[in-house]
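Asks: Sequence:
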Amino acid sequence: MCIDRFQRIVTSADELTELLGSPSESVRKKQLSELDDHMNTFIATSPFLLLGTVGSDGRCDVSPRGGMPAVGKVLDSRTLAIPEWKGNRRVDSLRNIIQTGRVGLLFMTPGLGETLRVNGRACVIRDDDVLASMSRQGKQPVVGIGIEVEECFFQCAKALIRSKLWEWSAENSDPPPFDFAEILVDQTKIEGLEVEPLRQQIEESYKERLY
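When the letters of the sequence shown are read in order and numbered with our numbering, they come out as residues -8 to 202.
Careful: at least some of the hints might be erroneous.
What the hints assert, rightly or not - No more than 30 Å apart at the CA atoms, straight line, and that leaves these computed lysine-lysine pairs for BS3-like:
#  : residue 1 : residue 2
1  : K20       : K64
2  : K20       : K198
3  : K155      : K198
4  : K130      : K198
5  : K198      : K64
6  : K198      : K149
7  : K77       : K180
8  : K198      : K180
9  : K180      : K64
10 : K64       : K21
11 : K198      : K77
12 : K21       : K149
13 : K149      : K130
14 : K64       : K155
15 : K20       : K180
16 : K77       : K130
17 : K21       : K155
What the hints assert, rightly or not - Label pairs and their computed distance ranges (CB to CB):
#  : residue 1 : residue 2 : range
18 : I193      : P60       : 22 to 30 Å
19 : R117      : Q(-2)     : 47 to 55 Å
20 : S196      : F144      : 16 to 24 Å
21 : A123      : V1        : 45 to 53 Å
22 : Q90       : G183      : 33 to 41 Å
Hints listed in this document are in silico derivations from the structure and should not be mistaken for laboratory results. A virtual CB, placed ideally from N, CA and C, is assigned to each residue, including glycine.
Let the hints inform the model, and build the full structure from the sequences given.
Replies: And the structure:
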């Protein structure tokens, strides 16, 4: 087990407070139980989020979601919807939601260091009116994720400043070496699977089957 590798493990909230201190009043009070106008505006301009879920077996999963001009849709101050577009059909997130009904979202907007965290209950939805309102390129999602907001708050920009996430392309002319097709061939070891045909399939799916 990973935990067996470490010798000094923090085991209580009191120890955390002793080591890291307590949050300020503003940090405590920024957490809201429903979306306000600032959050609505942020979500309306956020094309990307990270979706965290947990299954009934306790295994956690984080999956990216993206879409323009916004990845999610605010239905009211306590309710969000996210379309489920075509992917690899693993449906890990959807399966977890059916099992436990819990999600954590991190909304991100290119160029902004601050992010928006939303936690709450969730379900997999098929409501035609909601799904139709999230159609893209003439296509309507088959299912979506409905979220009941329980807590929401903005996160400061320190993590993105440290990572220089939005500055990376300006400072580096070439991305790090990464060949998705080559990696898949190596990891899956499927007989007859070749890098170049797989690379073409991946590129074709990126162009033709985003929605």
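Asks: Take the hints in turn and mark each one as holding or not.
Replies: Do the hints match the structure? See the list:
1. K20 with K64: Answer holds: K20 to K64 is near 25 Å, not above 30 Å.
2. K20 with K198: Cα-Cα ~44 Å, so violated.
3. K155 with K198: Cα-Cα ~28 Å, so holds.
4. K130 with K198: holds, 15 Å
5. K198 with K64: holds, 24 Å
6. K198 with K149: The hint is violated at about 34 Å.
7. K77 with K180: Answer holds: K77 to K180 is near 25 Å, not above 30 Å.
8. K198 with K180: This hinted pair holds, its Cα atoms lying about 26 Å apart.
9. K180 with K64: With Cα atoms ~40 Å apart, K180 and K64 exceed 30 Å; violated.
10. K64 with K21: holds, 22 Å
11. K198 with K77: holds, 12 Å
12. K21 with K149: holds, 17 Å
13. K149 with K130: violated, 38 Å
14. K64 with K155: Roughly 28 Å separates the two Cα atoms, so the pair holds.
15. K20 with K180: Not OK: K20 and K180 at ~52 Å, beyond 30 Å, violated.
16. K77 with K130: The hint holds at about 11 Å.
17. K21 with K155: holds, 25 Å
18. I193 with P60: 22 to 30 Å: Holds: the Cβ-Cβ distance is about 25 Å, inside 22 to 30 Å.
19. R117 with Q(-2): 47 to 55 Å: For Q(-2) against R117, whose Cβ atoms are near 50 Å apart, the range 47 to 55 Å holds.
20. S196 with F144: 16 to 24 Å: Between S196 and F144, where Cβ atoms are some 36 Å apart, the hint is violated.
21. A123 with V1: 45 to 53 Å: holds, 48 Å
22. Q90 with G183: 33 to 41 Å: holds, 35 Å
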